[in-house]
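Visitor: These are the residues of each chain, in order.
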Amino acid sequence: DTEVTQTPKHLVMGMTNKKSLKCEQHMGHRAMYWYKQKAKKPPELMFVYSYEKLSINESVPSRFSPECPNSSLLNLHLHALQPEDSALYLCASSYGEKLFFGSGTQLSVL
Amino acid sequence: GESVGLHLPTLSVQEGDNSIINCAYSNSASDYFIWYKQESGKGPQFIIDIRSNMDKRQGQRVTVLLNKTVKHLSLQIAATQPGDSAVYFCAGPSSGTYKYIFGTGTRLKVLA
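The listed protein sequences derive, respectively, from chains A and B. If you read the first sequence in the numbering used here, its first letter stands for residue 3, the second for the next number, and so on. If you read the second sequence in the numbering used here, its first letter stands for residue 13, the second for the next number, and so on.
Don't take every hint at face value.
Unchecked claim - Over 10 Å on every C-beta distance to chain B, these chain A residues come out as not near it, computed from the model: (1) T18; (2) S57; (3) P63; (4) L101; (5) S105.
Unchecked claim - Just a few of them, taken from the derived set where beta-carbon distance is under 7 Å, the chain B residues facing chain A: (6) A41; (7) Y44; (8) K54; (9) G55; (10) P56; (11) F58; (12) F101; (13) K111; (14) Y112; (15) G117.
If you're looking for bench data, these hints aren't it; they were derived computationally from the structure. Each residue gets a CB set at the ideal place from its N, CA and C atoms; glycine is no exception.
Kindly produce the complete structure, drawing on both the sequences and the hints.
Guide: What follows is the structure in structure tokens.
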């Protein structure tokens, strides 16, 4: 089983809203990632958690706040987003060097 | 900086023909690569990987070739089917980090 589950699949939010994206994996992977993908572009790394600790933050604006409650869960809290933040948000996890992605959350900011 | 790039943005092939998607990388120390398939509205799907101690690796209908001399890898899809239509990315971890560098992607269109 190489499944990374993301919810919700679609999200529409206003610029004053607070929402959260959720990601779950039960493969025992100890590294989890958030990526952002704009249309017709490759995924761009946002955050990496290794053993539940934030190890990489790619200079992401503070309106995006990641959280790793345990080794299976990863959240991305969203607040005061801008329309240009509309994108596909992908969660991934890795075992060794093999990186597996979820199906993503398509986010629209109005 | 490190880069992983693809030669062509779009590749059109006839159903049943073989497809070849190319990728170049800049860091000669890169030792692991992954090919992903991404269908519209979905996350990238792991297809096949290869380590630098190998020149070739085969999966089901797919073969990845690695040429370390010219820092080039390719994905070959045999007997291309309509379900193979997608964007294909090559990717590899930047040495010793969790940062994966992605190529720009090639859109494969399968013509009936």
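Visitor: Indicate, hint by hint, whether the structure satisfies it.
Guide: A quick look at each hint next to the structure:
no.	hint	result
1	T18	27 Å, holds
2	S57	7 Å, violated
3	P63	19 Å, holds
4	L101	6 Å, violated
5	S105	5 Å, violated
6	A41	14 Å, violated
7	Y44	5 Å, holds
8	K54	5 Å, holds
9	G55	4 Å, holds
10	P56	5 Å, holds
11	F58	6 Å, holds
12	F101	6 Å, holds
13	K111	6 Å, holds
14	Y112	6 Å, holds
15	G117	6 Å, holds
The structure does not agree with the numbered hints 2, 4, 5, 6 stated previously, though it agrees with the rest.
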